[in-house]
Amino acid sequence: MTDNLTQALASANVGAEERYAVFPFYLCLDVSQSMSGEPVRQVNAELPQLRSTIGQDPAVAEVVRFAVVTFSDVARTVLPLADLALVESMPEVQVEGRTSYAAAFEHMRRVIEDDYQAGRAAGERWYRPAVMFVSDGRPTDPEEQWRAAHKRLVDPSWRRHPNILSFGFGEAVPEILAAVSENKPNRAWVATEGAAPSAVVAELMAGLVQSIVSSSASAYSGSPQLVPPRLPNMQPIAVDELD
Amino acid sequence: MARLGGGKPERAPCLGDRLGWVSSARVPAGWTVERSRLRLGQLLAEGGEGRVYELVDSPGGPGRGYVYKELREPRPLGQLQRLVAFPSRLAEHHPGLAARARSASAWPVSAVVGDQPEVAVGTVMPRAPERFWLRHRDGSQRLATLSYLTTAPDRLAVAYGVVLPEPGEASRVAVVYALARLLEAWQAGHVVAVHGDLSAKNVLWSLGPVPAVYVLDCDDASVLGCDDASVLGREASGVGGWEPGGAAHAPPGRPRATTPNWDDPAVQPGNRPGCGGDRYSLALVFLRVVGAAHFPLQGRQRAGERVKVALEVPRQWRRLPDMPRLWDLCERSLSVAGASERPVPAEWVVELEDLLGSLGRADLAHAVREGQGDPARSVPVPLPVPASGRVADVEVRPVLRRRLPSTWQLVGPSNRSPLQEGPGAVHHLPARQVARWALVAWARAHLWAAWLLLSPGRRAHGLRRLAGLVSMDLVVACVSLFIGAMVVSPWIGL
Chain A
1 MTDNLTQALA
11 SANVGAEERY
21 AVFPFYLCLD
31 VSQSMSGEPV
41 RQVNAELPQL
51 RSTIGQDPAV
61 AEVVRFAVVT
71 FSDVARTVLP
81 LADLALVESM
91 PEVQVEGRTS
101 YAAAFEHMRR
111 VIEDDYQAGR
121 AAGERWYRPA
131 VMFVSDGRPT
141 DPEEQWRAAH
151 KRLVDPSWRR
161 HPNILSFGFG
171 EAVPEILAAV
181 SENKPNRAWV
191 ATEGAAPSAV
201 VAELMAGLVQ
211 SIVSSSASAY
221 SGSPQLVPPR
231 LPNMQPIAVD
241 ELD
Chain B
1 MARLGGGKPE
11 RAPCLGDRLG
21 WVSSARVPAG
31 WTVERSRLRL
41 GQLLAEGGEG
51 RVYELVDSPG
61 GPGRGYVYKE
71 LREPRPLGQL
81 QRLVAFPSRL
91 AEHHPGLAAR
101 ARSASAWPVS
111 AVVGDQPEVA
121 VGTVMPRAPE
131 RFWLRHRDGS
141 QRLATLSYLT
151 TAPDRLAVAY
161 GVVLPEPGEA
171 SRVAVVYALA
181 RLLEAWQAGH
191 VVAVHGDLSA
201 KNVLWSLGPV
211 PAVYVLDCDD
221 ASVLGCDDAS
231 VLGREASGVG
241 GWEPGGAAHA
251 PPGRPRATTP
261 NWDDPAVQPG
271 NRPGCGGDRY
281 SLALVFLRVV
291 GAAHFPLQGR
301 QRAGERVKVA
311 LEVPRQWRRL
321 PDMPRLWDLC
331 ERSLSVAGAS
341 ERPVPAEWVV
351 ELEDLLGSLG
361 RADLAHAVRE
371 GQGDPARSVP
381 VPLPVPASGR
391 VADVEVRPVL
401 RRRLPSTWQL
411 VGPSNRSPLQ
421 EGPGAVHHLP
431 ARQVARWALV
441 AWARAHLWAA
451 WLLLSPGRRA
461 HGLRRLAGLV
471 SMDLVVACVS
481 LFIGAMVVSP
491 WIGL
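Chains as they are written, first to last, in the working numbering: chain A, 1 to 243; chain B, 1 to 494.
You can trust all of the hints, since none of them are fake.
A few chain B residues facing chain A, derived, Cβ under 7 Å: (1) S147; (2) A159; (3) A200; (4) P260; (5) N261.
Just so you know, these hints were derived from the structure itself, not from any lab.
This one's a predicted model, so the numbers in the text were calculated from it and none came from an experiment.
Every residue gets a Cβ at the ideal spot worked out from N, C-alpha and C, and that includes glycine.
Bound-form chain A, shown alone (with noise of 0.2 Å):
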């Protein structure tokens, strides 16, 4: 059998190394003074559920990678991007300070970047990241600085320029959300005036469990889809695969 074997070395092949395309989504979470109490908590409450719910399913975790960087005055990465099924625990959230918007979309640029080199360096193929961008407050800094910030975010000409679903509640400002969006259709969902918050975050996080596992069984067929979670007018954005 061993001229076969060679013979077969030296061809261009489907091999076992050939593994799918990785679906990076970043949690980016406003941990300000008014996510204080019940918010927060729960979002701690549901951050391990959605490690075991995607990391201990091999099929859902191979092509997931998953981040969570929070914001008040600072943005920081709280869990770096990671195969959640080699993520022994999850991190817990605290509220910090104000809201600044600028830090959140400059942290995130730079992350995504940062992980997009490490993972190509890895021999990662990466389809184009999602970031799930929670808040329940209008910006604290100038406009003019969160927008610029912003823009080198989504700019067109920086290739990894991720797809940006936004969710609001409480103080958000459906506009600013919106823009946030890059005010396409169907990617920013405000809660209902009055909802209370604690309720709102569970069914968030229960919606972004459902929207990666949907995703990632999309990513299977070659057809990649970004899935948002079930909200109304929600529509799967098609994704591409990243250079």
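Starting from the structure of chain A, add chain B where the hints point.
Only chain B this time, still in chain A's reference frame:
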């Protein structure tokens, strides 16, 4: 209410029963059960097709060990009755095949009716036996889906603490062999069943006590080629006739939910997969389970590209004889251009038996047959000689596996061993392995010396070697005695 039969469906005894794989709970009393006789337990799963509940014992109804699937869209009763009756109808002429089909699949045992007697609102199916569950390191129990076998074992060991055989190991081949035998049972009789979605989530596996598979989601299977269409009404079946050649798809009927990446690219959207679809899946399972990788083919095949697959095999496969029939079998099964001529599962059964024999594990094939309650070997089918010079749309060739260091590591604090035993794990303790090697080396050295001693002309050499070995044995015995005495003496007061 129309009933096909009121008696308990007969069931051939199998090894599975003796090992307790199949619940000893009451089998549903007939092929049709009224919804009011079921006592539902907890909700186990919810999907696009319906909700699955566990069943608890109830007087006159199916009990523990079974699940109830409540259909979102009720179906004609006759359609489900035809499905439920399949194993019994198969048993009329092929009891062995029927035993296989029952032991290796969650085949519906009853159609469930509600207020309308001709409308099935659900089905009762056996629950996946205990051995088809895995325990992760964190204690969570998961169904042992094929997803575990189609990814790098070192990643799973680190991620979940589940230790699985390396790619190309005989136990992986035996799992595929078990699936091939199930498909043979479905397709070789006078009635034919088509699953249509043999995907990672629908095929469970187990390695212990013997390799086995257990196929789920059979309530949406098709039964083809029944000759009783005039009795049950052909339209009630929702499916049409069967083409003996193994059509790539069955005639249009209710759409079959299929799984991306596990579907047959030869089946057009909207068509139900036929026998050919399951044959494609079998070859795909072989590649992915034996190679422990995904081999993404369908996208390229749909684009009309010629696909070349390099299946990584372990280095010990170098010692095997050439297996052109095996690679030819893969190519014909995966072909889109030749979808209507895909090989029957019986060809796979014969070829995989040969492969297990070549790997020195014919015992695994025997164990699989025993486990499926049909220990007889399949009647060999005439295998075609691989055509030389044929231009196939799929080419499958073996490639020697390169041993690379594991790239996986846990993220976050860890105070546990990354390798903990899972129920399906094949794992040897290093100390025992070393002891076994030492024992084998000792025995071989002595046998070699004895053989030399008995060989004319080499006796002196044998004598010297034996003397050396005996001296060494004496030294080892003295040292062992001394160490033993040191350990034991405090306990006996010396």
